[in-house]
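Q: For reference, the chains in residue letters:
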Amino acid sequence: MIDVHRQAFKEEAYELLSELETSLLELEETPEDSDLIGRVFRAMHTIKGSGAMFGFDDIASFTHEVETVFDMVRNGKLSVTKPLINLTLAGRDQIKAMLDASESGGGADLSATVQIIAGLRALAGAEAPAIAAPQEAAKQAVVSTRVTYRIRIAPCRGIMACGTNPLNLLVELHELGVCNVIAQTAGVPELEELDPESCYVYWDVILTTDQGLNAIKDVFIFVEDDCDLKIEAIAEHDEYSSDEGYKKLGEILLERGDITTEEMASVLSEQKRFGELAVQKGIVTENKVEAALVEQRHVQAVRQEKQTTDAGNSIRVPAERLDLLVNLVGELVTVQARLSQTAAGRADLELSAIAEEVERLTAELRDSALNIRMLPIGSTFSKFKRLVRDLSSELGKEIEMATDGAETELDKTVIEKLNDPLVHLIRNSLDHGIELPDVRVAAGKPRHGTVHLAAVHSGDSVLITIKDDGAGIDKEAIRSKAIEKGIITPQAELSEKELFNLIFAPGFSTAKTVSSISGRGVGMDVVKRAIEALRGTIDITSVHGEGTRITVRIPLTLAIIESLLVLIGKDFFMLPLSLVDECVELTRQDVARSNGRHLANVREHLVPYIPLRERFLIHGETPDIEQIVITEVNGSRIGFVVDQVIGEHQTVIKSLGRAYKNVEGISGATILGDGSVALILDVPQLVQSVEAEAA
Amino acid sequence: MAKIIMTADDSASVRQMVSFTLKQGGYEVVEAVDGKDALQKLSGTKVDMLITDLNMPNLDGIGLIKGARALPSCKFIPIVMLTTESQDSRKQEGKAAGATGWIVKPFKPEQLMAVVKKVLG
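For the protein sequence lines, the chains are A and B, in the order given.
Going by the numbering used here, the letters in the first sequence line up with residues 1 to 695, in that order.
Going by the numbering used here, the letters in the second sequence line up with residues 1001 to 1121, in that order.
Calculated directly from the structure, the hints in this document are not laboratory data.
Be careful, since some hints might not be right.
[Claimed, not checked] Mimicking SDA-like on lysine to any residue, the simulated pairs with C-alpha atoms at most 20 Å apart in a straight line are:
| hint | chain 1 | residue 1 | chain 2 | residue 2 |
| --- | --- | --- | --- | --- |
| 1 | B | 1003 | A | 165 |
| 2 | A | 570 | A | 675 |
| 3 | B | 1117 | A | 633 |
| 4 | B | 1091 | A | 170 |
| 5 | B | 1095 | A | 76 |
| 6 | B | 1003 | A | 168 |
| 7 | B | 1066 | B | 1117 |
| 8 | B | 1117 | A | 675 |
[To be verified] Stretch-level coverage of chain B by chain A, calculated; a stretch enters the list once three of its residues show a Cβ under 8 Å from a Cβ in chain A:
| hint | region |
| --- | --- |
| 9 | 1007 to 1013 |
| 10 | 1031 to 1045 |
Owing to the predicted nature of the structure, the values given are computational and were not obtained by experimental measurement.
The beta carbon of each residue, even a glycine, is placed where N, CA and C say it ideally should be.
Assemble the whole structure, with the sequences as input and the hints as a guide.
A: Pasting the structure below:
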């Protein structure tokens, strides 16, 4: 595209040159004609300006010399003489030669150029200004430290008459970094005196930026003369600066010149909040105090932000101590529940007030105790980057890893236990998922495969997705493999989800060859069990030829879960709320209608259910209307029949004693407010054992 | 709606380059060959910004800026002048006449766009 412009310039330059020639010859006849002198100057000027713009730097710098002389002629410092005309004509020919030369690609006669320049300079004599060096933008060193600046922009009244919109300046400042703006409107007059075309306002800006002072000055480049502008650096935020409390309000106002030392002293002699006092005394306006306060808060906020990212300000504590703390908090939550329940049972207002207070504090304590154990998942992610790099070169593949949500926090123990399953899943993606570069190119994909690892919060759990743009899963291959291994019968009709779930079956592997990285088929079932041990779930979706996405859902913490409290007979049970879909009623008639099969009709869909009363051999009378808690396990909906659904419950998980550790279908227990024990159901395991019995 | 920018320059190649760059940036462009032509067109069409050369026949840039500022429709629009580094005094003169800013020739398309964005918002 630029060639078009160059061509346009050349055509124009030739035209100008011939015009220049005529003008010069005419000028020889009438040396005093200022109109002609102006024409000559303009022609030179245009050639110079446009020449530089389109890359004819030699022409531009040469023409500059000629132009300089004619500028003097124009200003009456030099008169038009025969030698001047001769030299200028020679110069004009030289420019033409240079243009011709650029066409053919060769250079013009340099010695002629030098000669003409020397002659012109001699003519101009000592009066000729020094040749302007090409103005290069001073390239400033990149300043990486963040500095906070205090900027006061006081535009002159008439600034808007110059077409400057002060708002644009503020917007530009905002683009440089963290920015707080206070408008000072004290100067705005009453309506009848107000000239709507004048600017009465000035602004106090606090800006924290790493772009350096010059970047800020550049913002005001056009308005320097129309503005009373003050820029001061007030704080640096580098690694070394101490970040103690920021200056007091009075000090800031003093520094800004809004008050004097004496005024401050007199205000300080009365002990009240400085800002209020200063305003009361009429020394400063409320707006000025507000601006100073904004500065104070701004710097404090920036520092705080730095502190949170500063590893230097954290304390290392042995993990056991934290575990102990969380355990104690768990006990406390239990006791608090009892206290609340006891208080509710008595008409003692004082006790209720105390119980409420304890409840609030306990909730806060619980949240912050659990928070201490939270770590960003990012450290694990970065380990995987290395893994991907090493493995891909070993496999001869070109694979990039992208991560998202590295700042997502998870319980420390969860992160540790998550490491191995995730390593396995990523290895699988690299080995089975992403194809060799040549195969990828043949399939019309970029050579580079991408594995995308992302973590995101979702309610009380974290979703970790591993997504690759590889070959995807071949459903038919899984099917035939599963039949071959005897996992399913050839007649089995499976949904896509069920088919993908086969990958997690023990002893399943679809890779044709076994490599050192994956493919022994011991992996995926182990992965699934590890995730389930964390009370998590794992899901696969895949499009053949396009890639695979594996989603792992993990609860935020292992210590406390949200659960649904239910009652069967006189026994309490808990179901993890994350698995519960909905609750529906089950009447005697429904049971009678289904002819002994455990199936309920929920909105025209049959949902199998497990009657827990039967399963746990709980004696007693079944109520007329029972409840089915419908859960989603491994992609299918399964109901659990209970007597009564009581409601949500924050459950502190207690592990069962050694004797009960291996009881099937129970993963733990908790203590309720009245001191009774509720068992936590291991829903996936219950479903599995019922299915195993049925088969 | 796309903003309209007028470029006034007696050099066809500069006009072409400015106009091409601005159109790429999503602006509409009105071209004028000198100050007189520009002033005439300004009284007929409303523009959001004016970019003018200083050295032009018939009416030069300073005259154009003064003339434009006198028009109610152009009273507050940004006006940017094209100057060369040797014309610092002219720059002052232009500012006094009501120019918003300036671009030093030679300039690159990116520099032009940066200034347009700066003054036009």
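Q: So if I understand the rule, the pair passes when the alpha-carbon distance is 20 Å or less; does residue 1003 (chain B) with residue 168 (chain A) pass?
A: 16 Å, holds
Q: Quick one, are residue 1095 (chain B) and residue 76 (chain A) close enough, alpha carbons at most 20 Å?
A: 25 Å, violated
Q: Are the Cα atoms of residue 1003 (chain B) and residue 165 (chain A) separated by 20 Å or less?
A: Holds, at about 16 Å.
Q: Report holds or violated for chain A covering the region 1031 to 1045 of chain B, Cβ cut-off 8 Å, minimum 3 residues.
A: Our answer is that it is violated, as 0 residues pass the Cβ test (under 8 Å) against chain A, missing three.
Q: For the pair supplied as a hint, residue 1117 (chain B) and residue 675 (chain A), confirm whether the alpha-carbon distance does not exceed 20 Å.
A: With Cα atoms ~70 Å apart, residue 1117 (chain B) and residue 675 (chain A) exceed 20 Å; violated.
Q: Counting residues of the region 1007 to 1013 of chain B that have a beta-carbon nearer than 8 Å to any beta-carbon of chain A, does the count reach 3?
A: holds (count 4)
Q: Holds or violated: residue 570 (chain A) with residue 675 (chain A), Cα cutoff 20 Å?
A: Within the cut-off at roughly 14 Å; holds.
Q: Verify the proposed pairing of residue 1091 (chain B) with residue 170 (chain A), using a straight-line Cα cut of 20 Å.
A: Violated - the C-alpha atoms of residue 170 (chain A) and residue 1091 (chain B) are around 24 Å apart, more than 20 Å.
Q: Straight-line Cα separation of residue 1117 (chain B) and residue 633 (chain A) no greater than 20 Å?
A: Answer violated: residue 1117 (chain B) to residue 633 (chain A) is near 56 Å, above 20 Å.
Q: Is the straight-line distance between the alpha-carbon of residue 1066 (chain B) and that of residue 1117 (chain B) 20 Å or less?
A: Cα-Cα ~23 Å, so violated.
Consistency with the previously given hints fails for numbers 3, 4, 5, 7, 8, 10, ordered from lowest to highest.
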